[in-house]
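Protein chains: 10
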Amino acid sequence: MNRSEATELVREARRRKGSGYTDLAERLGVDRAWLTAALLGQHPLDARQAEQLRELLEFPEEVVPVLAEIPHRGSLESVPPTDPTIYRIYEALQVYGTTIKELINEDFGDGIMSAITFNLDVQRQETEEGPRVRIVLDGKFLPYKW
Amino acid sequence: MNRSEATELVREARRRKGSGYTDLAERLGVDRAWLTAALLGQHPLDARQAEQLRELLEFPEEVVPVLAEIPHRGSLESVPPTDPTIYRIYEALQVYGTTIKELINEDFGDGIMSAITFNLDVQRQETEEGPRVRIVLDGKFLPYKW
Amino acid sequence: MNRSEATELVREARRRKGSGYTDLAERLGVDRAWLTAALLGQHPLDARQAEQLRELLEFPEEVVPVLAEIPHRGSLESVPPTDPTIYRIYEALQVYGTTIKELINEDFGDGIMSAITFNLDVQRQETEEGPRVRIVLDGKFLPYKW
Amino acid sequence: MNRSEATELVREARRRKGSGYTDLAERLGVDRAWLTAALLGQHPLDARQAEQLRELLEFPEEVVPVLAEIPHRGSLESVPPTDPTIYRIYEALQVYGTTIKELINEDFGDGIMSAITFNLDVQRQETEEGPRVRIVLDGKFLPYKW
Amino acid sequence: MNRSEATELVREARRRKGSGYTDLAERLGVDRAWLTAALLGQHPLDARQAEQLRELLEFPEEVVPVLAEIPHRGSLESVPPTDPTIYRIYEALQVYGTTIKELINEDFGDGIMSAITFNLDVQRQETEEGPRVRIVLDGKFLPYKW
Amino acid sequence: MNRSEATELVREARRRKGSGYTDLAERLGVDRAWLTAALLGQHPLDARQAEQLRELLEFPEEVVPVLAEIPHRGSLESVPPTDPTIYRIYEALQVYGTTIKELINEDFGDGIMSAITFNLDVQRQETEEGPRVRIVLDGKFLPYKW
Amino acid sequence: MNRSEATELVREARRRKGSGYTDLAERLGVDRAWLTAALLGQHPLDARQAEQLRELLEFPEEVVPVLAEIPHRGSLESVPPTDPTIYRIYEALQVYGTTIKELINEDFGDGIMSAITFNLDVQRQETEEGPRVRIVLDGKFLPYKW
Amino acid sequence: MNRSEATELVREARRRKGSGYTDLAERLGVDRAWLTAALLGQHPLDARQAEQLRELLEFPEEVVPVLAEIPHRGSLESVPPTDPTIYRIYEALQVYGTTIKELINEDFGDGIMSAITFNLDVQRQETEEGPRVRIVLDGKFLPYKW
Amino acid sequence: MNRSEATELVREARRRKGSGYTDLAERLGVDRAWLTAALLGQHPLDARQAEQLRELLEFPEEVVPVLAEIPHRGSLESVPPTDPTIYRIYEALQVYGTTIKELINEDFGDGIMSAITFNLDVQRQETEEGPRVRIVLDGKFLPYKW
Amino acid sequence: MNRSEATELVREARRRKGSGYTDLAERLGVDRAWLTAALLGQHPLDARQAEQLRELLEFPEEVVPVLAEIPHRGSLESVPPTDPTIYRIYEALQVYGTTIKELINEDFGDGIMSAITFNLDVQRQETEEGPRVRIVLDGKFLPYKW
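Going line by line, the protein sequences match chains A, B, C, D, E, F, G, H, I and J.
Following my numbering, the numbering of the first sequence begins with 1 at its first residue and continues without gaps.
Following my numbering, the numbering of the second sequence begins with 1 at its first residue and continues without gaps.
Following my numbering, the numbering of the third sequence begins with 1 at its first residue and continues without gaps.
Following my numbering, the numbering of the fourth sequence begins with 1 at its first residue and continues without gaps.
Following my numbering, the numbering of the fifth sequence begins with 1 at its first residue and continues without gaps.
Following my numbering, the numbering of the sixth sequence begins with 1 at its first residue and continues without gaps.
Following my numbering, the numbering of the seventh sequence begins with 1 at its first residue and continues without gaps.
Following my numbering, the numbering of the eighth sequence begins with 1 at its first residue and continues without gaps.
Following my numbering, the numbering of the ninth sequence begins with 1 at its first residue and continues without gaps.
Following my numbering, the numbering of the tenth sequence begins with 1 at its first residue and continues without gaps.
In case anyone wonders, no lab produced these hints; they're calculated from the structure.
Treat the numbers as computed from the prediction; the structure is a model and nothing was measured.
Everything hinted at is true.
Straight-line C-alpha distance at most 25 Å; calculated DMTMM-like pairs for lysine to aspartate or glutamate: (1) K145(G) / D138(F); (2) K145(A) / E126(I); (3) K17(I) / D46(A); (4) K17(E) / E5(G); (5) K145(J) / E129(I); (6) K17(A) / E62(A); (7) K145(C) / D121(A); (8) K17(C) / E69(E); (9) K145(H) / D138(I); (10) K145(H) / D121(I); (11) K145(G) / D110(G); (12) K145(F) / E106(F); (13) K17(D) / E69(B); (14) K17(F) / E61(F); (15) K145(H) / E128(J); (16) K145(H) / E69(I); (17) K145(F) / E129(H); (18) K145(E) / E51(D); (19) K145(J) / D107(A); (20) K145(J) / E126(B); (21) K17(C) / E5(E); (22) K145(B) / E128(A); (23) K17(G) / D46(I); (24) K145(D) / E126(F); (25) K17(E) / D46(E); (26) K145(C) / E128(D); (27) K17(E) / D46(G); (28) K145(F) / E126(H); (29) K145(E) / E126(C); (30) K145(I) / D121(G); (31) K17(H) / E69(F); (32) K145(I) / E26(H).
With the hints as constraints, model all of the structure from the sequences given.
Below, the structure is given as structure tokens:
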């Protein structure tokens with residue numbers, strides 16, 4: 001069994017149980033964005049988390065060690081992504097990518113935002129003109145250092 | 001003169017003057033991320049802003065009407081981007097793209113974050129482990145609506 | 001079972017029953033272009049619609065919850081599309097894409113036609129020189145708004 | 001001088017004169033979408049139209065015969081297009097391409113919508129929820145015929 | 001069963017029976033190039049033809065309705081094609097594509113050769129220097145007509 | 001001066017003189033498809049032909065030796081071609097490529113149609129339903145021979 | 001059973017029997033490079049050869065007619081090839097491709113080396129500095145001939 | 001001046017002088033395939049050779065040091081190559097690439113033919129059926145050795 | 001059974017046994033980077049090593065001869081790689097590729113680092129600022145030699 | 001003047017002066033690999049270094065501020081690289097990329113080698129079998145840390 005087969009089995013178990021990511025994350029006591037990424041094959045779970053999850057979702061036991069392996073990361077089937085919800089993030093990157101670089105360079109000097117010492121947050125904000133999605137990418141600044 | 005020639009002339013003027021984006025934005029009274037994007041060819045300036053900018057940066061007069069045209073958007077020379085600062089944003093999209101979709105779907109239902117009714121913020125945050133880059137993508141939620 | 005397996009099962013059921021999209025849409029009381037897209041894996045059906053459909057087409061019960069999930073959108077196997085019927089739409093985009101942008105900009109200012117608050121209509125019109133296909137893309141105008 | 005140099009010269013003349021496509025089309029007595037496409041290098045103008053246009057826009061005389069040549073068509077710099085206004089049309093094709101084929105096949109049998117005996121219309125419609133963009137692709141149906 | 005599975009079953013039946021395309025076409029009373037394309041998944045057969053074919057080739061009954069569906073066209077696994085026999089046609093297009101356009105434009109004006117009201121013929125001609133392949137592409141001229 | 005600059009100069013000379021390919025070919029006593037391809041940079045002219053052409057079209061003398069060199073062949077800017085007139089030939093290849101291979105194999109055995117001992121003809125045929133374009137690709141059969 | 005399944009079965013039979021290509025070619029009385037290519041799916045075997053091979057390698061009988069069909073040629077999974085042994089040939093083409101063209105043109109005039117009336121030889125040569133690989137591509141010269 | 005500008009100047013000088021590669025190679029006392037590759041930008045000349053060449057071809061003096069630099073290798077504008085003479089080599093690689101690997105592995109064990117300790121020869125051979133092109137790729141065998 | 005199926009079976013056996021590469025390499029008395037590459041399908045094992053491994057990991061017997069075959073090399077599913085750990089090596093190549101070439105040329109003259117007479121080492125180094133990864137690519141210098 | 005024009009001017013100055021990277025680095029008191037990368041457009045120089053360099057190489061003064069800007073990184077014209085010296089590094093990545101990931105994961109856990117807190121060394125080592133190239137990639141380990 002490889003990771004994407006394990007991911008598929010978890011997805012089916014989640015559908016049967018009707019469990020949301022937010023709810024599962026609360027029960028496991030972990031960040032929900034991190035858990036969602038882990039369940040989509042982007043992070044390893046530790047053995048205890050994988051076991052807890054199995055109890056909640058009742059997927060087959062052999063899925064557990066696969067979830068605990070460090071995965072080969074990368075979640076997109078194609079780039080640019082064809083799905084509109086994902087494409088809009090790509091569009092922001094396409095339109096504002098050089099802007100982000102210029103502002104990081106202006107505020108911090110030569111370096112990058114880490115994508116490893118990093119977390120992601122997806123938030124819902126109510127405004128008078130309706131709800132807004134707020135996606136926060138938050139990573140350590142790493143200066144170029146030879 | 002096309003937009004990318006105009007963009008290049010503004011860039012040279014900025015180098016000669018040593019003006020930062022944050023500083024220019026304050027003088028024009030506009031958001032600095034928006035202005036940076038505009039100067040990089042991703043948004044039109046209105047005629048007054050373009051003229052003000054010309055006074056500050058002293059670029060040639062024929063640049064002004066070009067800056068006021070609605071541009072053909074898209075700032076990246078290649079995808080995936082080769083520059084590490086920009087690549088890390090791409091990596092976040094590559095690793096967390098499906099996560100973002102799942103969480104938007106869980107919190108909002110079927111729909112997208114608008115990239116049009118949208119703003120971007122790049123922030124510097126000091127922490128004990130050093131500065132962090134915080135990139136906020138903030139767009140109106142648009143539900144699928146036939 | 002993933003969405004494309006569900007789509008295939010619906011297609012086989014439709015072939016067995018000989019049911020047209022127009023007819024199915026009428027029985028479900030929904031727009032036929034929307035339903036066609038949904039059956040091709042581009043929109044979720046709500047639980048009741050999915051159940052009604054199962055009664056009409058007699059596909060296996062486990063298809064129902066899959067049809068009710070929000071799908072990963074994107075219907076084309078390759079771009080440019082190889083099928084001539086779909087290619088002609090691509091050709092219109094290829095030849096007239098910049099024209100459409102210029103006219104939207106001239107009539108509405110800087111912004112886009114939403115593809116989310118959007119509907120599609122395919123119509124048959126009889127003329128003296130034979131039938132014509134009329135494809136109407138109709139979406140809300142969204143002005144760029146920081 | 002090749003066609004794209006001619007296109008660029010016309011664009012600069014239009015900027016200098018501040019002439020809209022709709023206005024120019026009325027003065028020439030032609031459809032505005034057709035004229036826009038022609039000015040963007042997608043259709044030949046006849047000699048008289050090219051000459052009339054030169055009088056209105058005052059571009060150099062050697063542009064005239066170039067505008068009268070049958071161009072090498074194709075307006076997009078890249079596919080998928082990076083500009084959001086054009087991308088939304090691409091997204092409609094990406095999401096609804098197979099839907100359009102199925103409905104053409106259901107209504108007309110095996111065949112295509114011509115992209116040659118074809119016209120395009122971009123319309124503005126006011127609704128209570130704000131203006132909508134309506135793009136009409138209208139082409140002769142061509143049945144497969146050996 | 002999808003179309004390419006049906007195509008494969010027909011191919012195996014043909015191998016078992018040792019039936020040539022020319023022979024099959026004669027028995028069905030149809031053009032052999034058309035039939036070859038149809039058997040390779042590029043055209044629908046009508047119900048009677050599909051049934052006749054089943055009697056000749058003895059493939060399973062459930063193949064019949066699949067052959068009668070309008071297929072998603074496109075026969076090449078990759079472009080440029082790797083197979084030398086198919087590549088030479090591609091090479092002719094690559095070397096003479098612009099020539100064909102110029103000559104169609106010179107003889108007919110602005111327009112195209114239809115690939116829908118179209119037929120194909122592959123002929124063998126004996127010459128003193130050995131046999132020659134003659135491929136005739138024959139399609140209705142369609143003038144650009146707004 | 002490289003070949004594509006020479007090609008461009010010939011094209012401008014042809015525009016100034018208003019000379020058609022058919023007419024030029026008759027004056028030079030060569031096949032018009034061959035000449036068109038040669039003028040578009042796909043075949044070398046011999047020195048005498050290049051000189052004759054210079055007298056007819058009055059392009060600069062240094063173009064002559066460039067036209068006499070064996071060119072680097074390939075006429076398409078992109079594949080699939082974006083221009084509809086050229087695309088239809090590509091579509092015929094895309095839809096009927098495997099058909100052509102099967103029929104060559106059935107009529108001739110294992111081998112190819114040469115694209116080198118080869119000629120091309122573009123013909124106009126009047127029919128009751130309007131003019132048809134007939135493109136004849138005619139090449140020597142070459143059997144695989146180790 | 002398609003050709004690549006047949007190829008795989010032959011490969012497994014060869015592994016079980018431990019038979020080298022050179023040895024098999026001697027027993028069948030054919031050129032070893034030709035046979036290797038045929039076993040890798042690039043040439044058809046005649047019925048007698050396929051049957052002889054079956055006796056030597058003891059693969060299933062239904063493989064025989066598949067080996068006798070004219071295959072769809074093309075042996076590389078990706079280009080540039082990732083395997084270093086194959087890549088070095090690609091590198092020779094990448095570095096010396098234009099050199100080969102210039103020298104063929106200088107020695108023979110305008111034309112090509114046939115890849116159809118063609119054979120390949122791979123030889124081992126012992127030298128003082130160790131063994132050398134000698135790959136000989138040998139094809140008939142075909143002059144361009146309209 | 002970069003290498004490709006230098007290459008272009010040498011090519012123009014060669015055209016003016018009408019000097020063949022074989023002839024130039026003899027005068028310089030070097031292998032003609034090596035020299036051809038060098039003149040096409042794939043190998044550095046030593047200072048003396050570059051100077052000798054300048055005397056023979058009379059190109060500008062500043063070309064000399066550029067020819068003596070180690071170039072960035074790679075001679076093909078696109079892969080697959082569009083020019084038929086170069087494509088046939090590519091086709092041989094495409095059809096026989098895996099064959100060459102198998103035979104090198106069978107004769108030498110696990111390793112490669114060096115493309116660095118390597119030479120190329122293009123030969124003309126007269127046969128009863130006309131001239132044949134013989135391309136010899138000859139490189140040292142390098143066994144995998146950790 | 002092909003090599004990637006064998007690779008998968010070894011991976012599952014390793015997961016069941018919990019054996020690290022370093023440990024396995026010690027037991028077999030081979031370099032751990034070489035063994036890791038071999039287990040990932042990039043090098044053949046000799047028969048004895050494959051057998052020893054089978055005893056340690058208890059995978060099925062028919063895996064053994066497959067591990068002993070010379071593989072088709074190439075370990076990346078896509079380039080650029082999507083996995084961040086692998087991407088950073090790619091980024092080093094992307095940013096420093098020309099630097100490495102210039103320094104090899106400056107230190108050694110015209111030539112390459114062999115990737116065949118080559119070994120790789122991955123080391124962990126403790127520093128005051130935390131552990132560092134040290135990847136050493138070490139290959140024989142091969143001068144260009146005609 | 002953009003960065004690649006500045007890079008080209010530095011390269012020409014270096015050719016005129018005949019200055020090696022190692023020598024220049026010593027005079028500036030910086031690491032030679034870092035300086036080489038900087039001169040090839042991959043790192044900014046500080047103002048003093050850029051000025052010192054100008055004195056050594058005598059390039060035009062307006063180059064100085066361009067060298068001091070943070071560049072858009074990425075040194076390869078195409079991937080895979082066509083130049084054999086650079087390709088061998090790519091080949092090492094292609095063959096050993098997954099190996100490196102597995103060993104980093106085994107030695108350090110889940111994380112990456114930083115390409116930012118990173119340095120590169122190219123070394124020459126004499127051995128009995130001739131010189132070897134040793135390329136050391138040395139970066140801080142960054143564990144995944146949410």
